[in-house]
Amino acid sequence: MNKTIRRASVFVLLLVFALLVRATWVQFYEGQALADDKNNRRNAIELYSEPLGNIVVGGEAVTGSARTKSGDLAYKRTYTDGALYAAVTGYSSQAFGATQLEGIYQDLLDGTDNRLKSVLDTVTNKRSDPGNVITTIDPDVQKAAYDALGDKKGAAVAIDPTTGKILAVVSTPSYDPSRITTGDSAAWEQLTKDSDKPMTNRALRQPLPPGSTFKLVVAAAALEDGLYSSVDEKTDSPDPYPLPQSSDELTNENPSAPCENASIRVALQYSCNNVFGSMAVDLGQDKVRAMAEKFGFNDDEQDVPVRAYESVYPSDMDDAQTALSGIGQFDVTATPLQMAMVSAAIANDGKLVSPHMVSQITDSSGDVLQDYDDNASAEEIVSSSTAEQLQSAMQTVVEDGTGTNAQIAGATVGGKTGTAQHGENNSKTPYAWFTSYGKADGKEVAVAVVVEQSDAARSEVSGNGLAAPVARAVMEAALG
1 MNKTIRRASV FVLLLVFALL VRATWVQFYE GQALADDKNN RRNAIELYSE PLGNIVVGGE
61 AVTGSARTKS GDLAYKRTYT DGALYAAVTG YSSQAFGATQ LEGIYQDLLD GTDNRLKSVL
121 DTVTNKRSDP GNVITTIDPD VQKAAYDALG DKKGAAVAID PTTGKILAVV STPSYDPSRI
181 TTGDSAAWEQ LTKDSDKPMT NRALRQPLPP GSTFKLVVAA AALEDGLYSS VDEKTDSPDP
241 YPLPQSSDEL TNENPSAPCE NASIRVALQY SCNNVFGSMA VDLGQDKVRA MAEKFGFNDD
301 EQDVPVRAYE SVYPSDMDDA QTALSGIGQF DVTATPLQMA MVSAAIANDG KLVSPHMVSQ
361 ITDSSGDVLQ DYDDNASAEE IVSSSTAEQL QSAMQTVVED GTGTNAQIAG ATVGGKTGTA
421 QHGENNSKTP YAWFTSYGKA DGKEVAVAVV VEQSDAARSE VSGNGLAAPV ARAVMEAALG
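Residue numbers 1 to 480, in my numbering, belong to the letters of the sequence shown in order.
Check before you lean on any hint, since a few could be wrong.
[Stated by the list, open to error] Derived lysine-lysine pairs resembling DSSO-like cross-links, with alpha carbons at most 27 Å apart:
| hint | residue 1 | residue 2 |
| --- | --- | --- |
| 1 | K294 | K197 |
| 2 | K351 | K443 |
| 3 | K153 | K126 |
| 4 | K234 | K443 |
| 5 | K287 | K193 |
| 6 | K3 | K143 |
| 7 | K351 | K294 |
| 8 | K443 | K143 |
| 9 | K197 | K126 |
| 10 | K126 | K69 |
| 11 | K143 | K153 |
| 12 | K234 | K287 |
| 13 | K143 | K69 |
| 14 | K69 | K294 |
Please keep in mind that the hints were generated in silico from the structure rather than gathered at the bench.
Every value quoted in this text rests on a predicted model; they were computed, and no experiment measured them.
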């Protein structure tokens, strides 16, 4: 064989070897990545080849699967009262993926979760019958919150303080996930470009300045630290309060309110800014932050099991900024979930039971794979003495203070209003907040409501005027 032919043969053999190596690499090393690629149509075909498992509310499935009439996807996801439960279920779409409970439990709902496999399924590699997600949501409480919010832009969360079960998660305006299950691009574009952001879960994933509802956290810090021995002890709080290192003063919405040196009870009753601004400075930002973090602030891994956005109490503030943080302004932000957790811990004698909106996950036969109710943990946030005092002060707010619209006949109700500034120099419509708890006939509930926008005149925007009536409706449904 001459030299040229020999070299050509070696080169061809090397090319063949390279092709074999590449084919082996693709098959054994890149195969799984290609199979899992979101653009691989075979995944969607397999996912929707059989009916999915369901998300269950109050013993009834609020999801379903319907046979398609054409195309290569055999089934599509369906929703019962989709807009009512969208903040709970999320969506499962043939084109746009899955979110919230649909996304978190996708393997369970499509039958690929290994916990669903029988011995025969393992041997044959057969797709198992799908499981179901049993939520803690109470349909009556959910509907009460949704109806009470109506056409307002806002959110509400209700929690059973004794168990941590989330009874309602509502965000308005909402949307019907059924519109996008088949990949309707026009519906998707309309929803994602809507300035009202109907697909944003305001209850869990949009932290806003909590305003005066945050004063509960500052009051808890002051009582736990011993700065004040009781909610009825006079404070050292000039009215107006001169902000440290600033020419500005912290004033009150009601200039005639008895806020000078007011006790914590009176300061909560009239929502006295001077008292809590001064209190935050006296405590120092580190002590206020420590208390806020015990309630759940600054936790970027708050799963219920949907990951909630972090509620923030800031660091590295000067004294003037610390004073503003004491009234829930400056860079303080909170979700309705977070403020419901504050009321829940106070209502539960100082103990916060981990909030969760999934009770159990089961296989297709109803056998429990995991029970989240049994695994809910409780943590002491404040002493029972501090909690009892704050409960009493919150009751004063509702009985004879800024939160009278939350009163419920035959029930013990405590609450705190908040009206948070919005925009530069408060140029935009303020946020109206209300956080509360209710107790009656052995039942308890903690509720937080925020109203971002409504058709009310700016002068009528307040926690008592807009948010408290929503909270009252939610508490009535939970306690009824």
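Given the hint that K143 pairs with K69, test it: the Cα-Cα distance must not exceed 27 Å.
violated, 33 Å
Against the 27 Å threshold, does the CA-CA distance of K143 and K153 hold or violate the hint?
holds, 16 Å
Taken at face value, is the distance from the CA of K126 to the CA of K197 at most 27 Å?
This hinted pair is violated, its Cα atoms lying about 41 Å apart.
Checking one constraint from the list: CA of K287 to CA of K193, max 27 Å. Satisfied?
violated, 42 Å
Between the alpha carbons of K69 and K294, is the straight-line distance 27 Å or under?
violated, 53 Å
Do the alpha carbons of K234 and K443 lie within 27 Å of each other, as the hint requires?
Measuring from Cα to Cα gives roughly 34 Å; hence the hint is violated.
Satisfaction of hint between K143 and K3, Cα-Cα up to 27 Å
Given that 27 Å is the threshold and the Cα spacing comes to 86 Å, the pair is violated.
Decide if the proposed pair is consistent with the structure: K126 and K69, CA atoms, cutoff 27 Å inclusive.
holds, 25 Å
When you check the alpha-carbon spacing of K351 and K294, does it fall within 27 Å?
Given that 27 Å is the threshold and the Cα spacing comes to 10 Å, the pair holds.
What's the verdict on K234 and K287, does the C-alpha distance respect the 27 Å limit or exceed it?
At roughly 21 Å apart (the allowed maximum being 27 Å), K287 and K234 satisfy the hint.
Given pair status - K143, K443, alpha carbons within 27 Å
holds, 19 Å
For K294 and K197, compute the direct alpha-carbon distance and say whether it is at most 27 Å.
violated, 31 Å
In this structure, the earlier hints numbered 1, 3, 4, 5, 6, 9, 13 and 14 are contradicted, and the remaining ones agree with it.
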